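Top line first, the protein sequences correspond to chains R and A. So for the first sequence, the working numbering puts the first residue at 1; every next one is plus one. So for the second sequence, the working numbering puts the first residue at 1; every next one is plus one.
I should point out that these hints are in silico values taken from the structure, not numbers from a laboratory. Predicted model, so just to flag it, every value in this text is computed and none were measured. One thing to keep in mind: the hints can contain errors.
What the hints assert, rightly or not - Which stretches of chain A does chain R cover? Using the computed rule of at least three CB atoms under 8 angstroms from a CB of chain R, they are:
no., stretch
1, 123-136
2, 176-185
Unchecked claim - The calculated DSSO-like cross-link candidates involving lysine-lysine, where the alpha carbons are at most 27 angstroms apart (straight line), are:
no., chain 1, residue 1, chain 2, residue 2
3, A, 474, A, 147
4, R, 133, A, 197
5, A, 328, A, 474
6, A, 239, R, 133
7, A, 239, A, 197
8, R, 28, R, 112
9, R, 82, R, 112
10, R, 172, A, 147
11, R, 112, R, 172
We put the CB at the ideal spot given by N, CA and C, even for glycine.
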Amino acid sequence: MTAMDPRTHVIVLIASGILTFLATELVKVHMLVAVSALYLIWNGLLRNALYFVLAYSAMTALLPVIPDISAILGIILFTFSKMMPIAMVGAALLNVPPGRMMSALQRAYAPKPVVVMLCILVRFFPLLLLEFKAIRNGIRARGIFSNGHNALLHPIRAYECYFVPLIVRCLKLSSELAASAELRGIECDRVRTTIYPIGLTAVDRTAAGLYVLIGGMICGLGGIVQ
Amino acid sequence: MIHLNNVTFRYGIDEEESGPEPTSESGVRGISLSVPAGTCTVLCGRSGSGKSTILRLLSGLAPGFYPGNLAGEVLLGGQSPSLMTPEERTRRIGVIFQDPRSQFFMNVVRDELAFSAENLGIPPEEALERITRQAELLHIAHLLDRKLNDLSSGQKQRVAIAAASILAPALLLLDEPTANLDEPTTQAVIELLGQLKRNGTTLVISEHRLHSLLQIADSFVCMDRGEIARVWTNDEFAKLNYEDVRPFGLRHPDMIHHVSGIGDKECPAGGSAIVGRSLAYRYGRKGEGFEGMDLTLPGGSVTALTGDNGAGKTTLGKILSGLLRQSKGEVTRNDSHLSARVRRSLSYLVMQDADYQLYADSVGNELVLGRRLDEALRTRAYEALDAFGLSELRHRHPASLSGGEKQRVTMAAAYCSDAQLIVLDEPTSGLDGDGVLHVAAWVRKLAQAGKTVVIITHDRILTDLACSHVVTLKKGRGSGSEGGEQTRNSKTARAGGREEGAVGVVRPIIRGKRPDEACTVSGGVFYYR
Chain R
1 MTAMDPRTHV IVLIASGILT FLATELVKVH MLVAVSALYL IWNGLLRNAL YFVLAYSAMT
61 ALLPVIPDIS AILGIILFTF SKMMPIAMVG AALLNVPPGR MMSALQRAYA PKPVVVMLCI
121 LVRFFPLLLL EFKAIRNGIR ARGIFSNGHN ALLHPIRAYE CYFVPLIVRC LKLSSELAAS
181 AELRGIECDR VRTTIYPIGL TAVDRTAAGL YVLIGGMICG LGGIVQ
Chain A
1 MIHLNNVTFR YGIDEEESGP EPTSESGVRG ISLSVPAGTC TVLCGRSGSG KSTILRLLSG
61 LAPGFYPGNL AGEVLLGGQS PSLMTPEERT RRIGVIFQDP RSQFFMNVVR DELAFSAENL
121 GIPPEEALER ITRQAELLHI AHLLDRKLND LSSGQKQRVA IAAASILAPA LLLLDEPTAN
181 LDEPTTQAVI ELLGQLKRNG TTLVISEHRL HSLLQIADSF VCMDRGEIAR VWTNDEFAKL
241 NYEDVRPFGL RHPDMIHHVS GIGDKECPAG GSAIVGRSLA YRYGRKGEGF EGMDLTLPGG
301 SVTALTGDNG AGKTTLGKIL SGLLRQSKGE VTRNDSHLSA RVRRSLSYLV MQDADYQLYA
361 DSVGNELVLG RRLDEALRTR AYEALDAFGL SELRHRHPAS LSGGEKQRVT MAAAYCSDAQ
421 LIVLDEPTSG LDGDGVLHVA AWVRKLAQAG KTVVIITHDR ILTDLACSHV VTLKKGRGSG
481 SEGGEQTRNS KTARAGGREE GAVGVVRPII RGKRPDEACT VSGGVFYYR
């Protein structure tokens with residue numbers, strides 16, 4: 001399996017954004033999710049595809065029920081489920097090794113600060129999750145809330161306990177990451193290389209073309225039927 | 001190679017909010033030092049004595065990334081590192097930070113090694129060849145396709161060294177490379193550094209655990225309050241005894257013989273023992289873990305949980321404090337079963353990194369956080385402030401304290417809490433000699449307050465100074481077969497042990513005077529939030 005160029009993912013991401021906007025009926029969104037799932041599978045991300053499809057199915061199953069309980073929750077759920085195709089293609093983009101992504105973006109003439117920012121962003125998210133986990137452990141280890149119920153009773157304190165250490169850690173981490181990046185030559189003027197092959201191949205063109213074509217047909221289809 | 005001529009550096013005023021620990025970093029004064037090419041220099045001294053500043057000056061991060069005023073000359077092969085182009089600097093200097101979490105950019109080891117080379121626009125074939133060569137040299141070839149987050153701390157450190165040295169820089173700077181490592185891993189890392197040194201790399205290492213570095217170091221530079229206090233050659237340093245290095249707050253293997261006892265090591269009577277029977281835990285279906293673990297923690301005792309990285313020390317600590325539920329076995333007290341939930345309410349785990357456990361807006365409030373403030377708690381909080389020397393700091397915001405002070409606050413909070421079992425995770429990693437002595441004293445204070453203390457550590461000095469019991473966990477190399485419990489997890493039980501379970505054994509007690517505390521209860525505000 002040849003991995004696709006990150007630029008293909010970007011093009012497909014834009015396409016999925018437009019298509020999601022055009023897909024006004026639920027059936028069309030269903031089909032777009034299916035196409036995006038196929039795209040993920042094509043990229044070797046079977047597990048992600050399954051996860052997203054399951055999440056989407058659960059949301060669709062809940063949609064008829066939730067608005068009766070809470071209208072706002074219903075709207076949130078509806079928005080989330082509609083955004084699913086975008087999230088799925090986005091996941092494909094997030095799974096690209098950052099080094100590969102940086103060099104592909106530089107080839108696409110993206111300005112260096114944007115490239116660096118994207119790279120750090122991609123790296124920072126998983127780090128943030130780990131930090132959050134560590135903070136949760138820290139809170140449990142100190143025994144501040146005896147159970148989850150207790151945390152709900154004191155929302156302000158819970159907020160404080162999570163966010164004060166998170167901010168302190170983020171400041172420290174971002175400063176150290178930046179120092180480390182500087183020392184490892186991120187500011188060099190040269191064009192980056194990458195140990196991964198990049199370049200738009202026939203596979204890329206086919207994948208992007210198929211996605212746009214099928215997606216377009218799905219959205220157009222409804223129009224013809226009606 | 002390196003020439004520092006009468007260098008004085010002071011961190012700038014605008015540094016105040018961006019620096020990690022502005023209070024402890026006042027810079028360096030009048031530093032003159034020259035390091036010949038291909039040698040290994042070790043920077044030692046108390047925390048905050050200016051070791052990191054020298055590394056920052058050499059790497060060109062100061063002034064520049066860390067603004068400040070520089071006087072004198074910093075020359076690296078005749079050039080000032082802060083004036084080098086980013087490319088030149090990357091080619092000539094490799095830097096390894098203390099915390100691996102904040103220096104990795106990629107998810108996979110191979111990508112991480114490639115990072116510097118990619119940044120410099122080195123052709124992919126050459127980059128891959130360098131990666132292969134460096135991975136073989138540093139024995140990480142089998143890790144190349146692994147995810148960085150899945151590696152052990154020793155493996156991460158080796159990857160960090162490989163990533164920093166991929167471009168074969170002439171100078172490698174290391175900030176406390178062995179702080180979080182156990183003895184065998186430390187040894188492995190030092191051998192790697194020796195390998196790089198033989199290949200002609202100049203090494204400058206800032207470190208607290210000095211004696212293991214004797215194998216590769218050529219000279220030891222001792223810093224004190226921003227100045228060079230002493231310079232020893234390898235031979236001279238090897239001959240020093242503890243009394244010689246004590247004024248500089250250095251660690252020394254003989255510390256335990258000279259520091260006569262920190263407080264009283266006997267367990268206060270009355271506390272009932274917490275007993276773990278045939279405990280088992282396994283990460284994932286066939287992941288790492290341990291099984292068949294027996295241990296007894298007498299009330300008011302201080303037990304060291306030692307063993308190699310990955311032997312399950314932290315896991316056991318988490319099980320004891322109820323953060324994890326054991327997959328087999330049980331924990332009891334007075335023969336009654338303690339569920340994970342009950343254990344969690346009875347215990348307090350002090351994490352290695354204090355940043356994760358400080359939440360309130362002042363030190364005083366931190367101690368009483370999450371509890372109804374009554375007269376008894378208030379008294380106890382004042383007591384804790386005095387006992388841990390925090391009275392002066394009680395109005396400060398915890399985030400503004402230095403690393404050592406933060407740790408002290410978390411320990412004071414443990415003292416103040418109702419927890420009967422206190423688990424400390426690696427309390428002395430990255431601490432100087434004085435720091436170790438202080439931690440030992442505070443641990444004794446916790447025990448004297450009737451708490452049962454468990455210390456997860458591979459610091460032998462702390463174990464000898466503060467602990468009444470030692471439990472050593474061993475990581476077996478047995479296959480995954482079910483019958484292999486005994487070989488996989490045979491615990492070394494010293495004299496008096498029963499069967500093959502892990503059994504704490506009371507060791508000789510060093511008696512001595514207890515440090516006197518002037519207990520002045522002074523005013524302060526605690527309010528319930």
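message: If you test the structure against every hint from before, which numbers come out violated?
response: Hints 2, 4, 6, 8 and 9 are the ones this structure does not satisfy, whereas the remaining hints hold.
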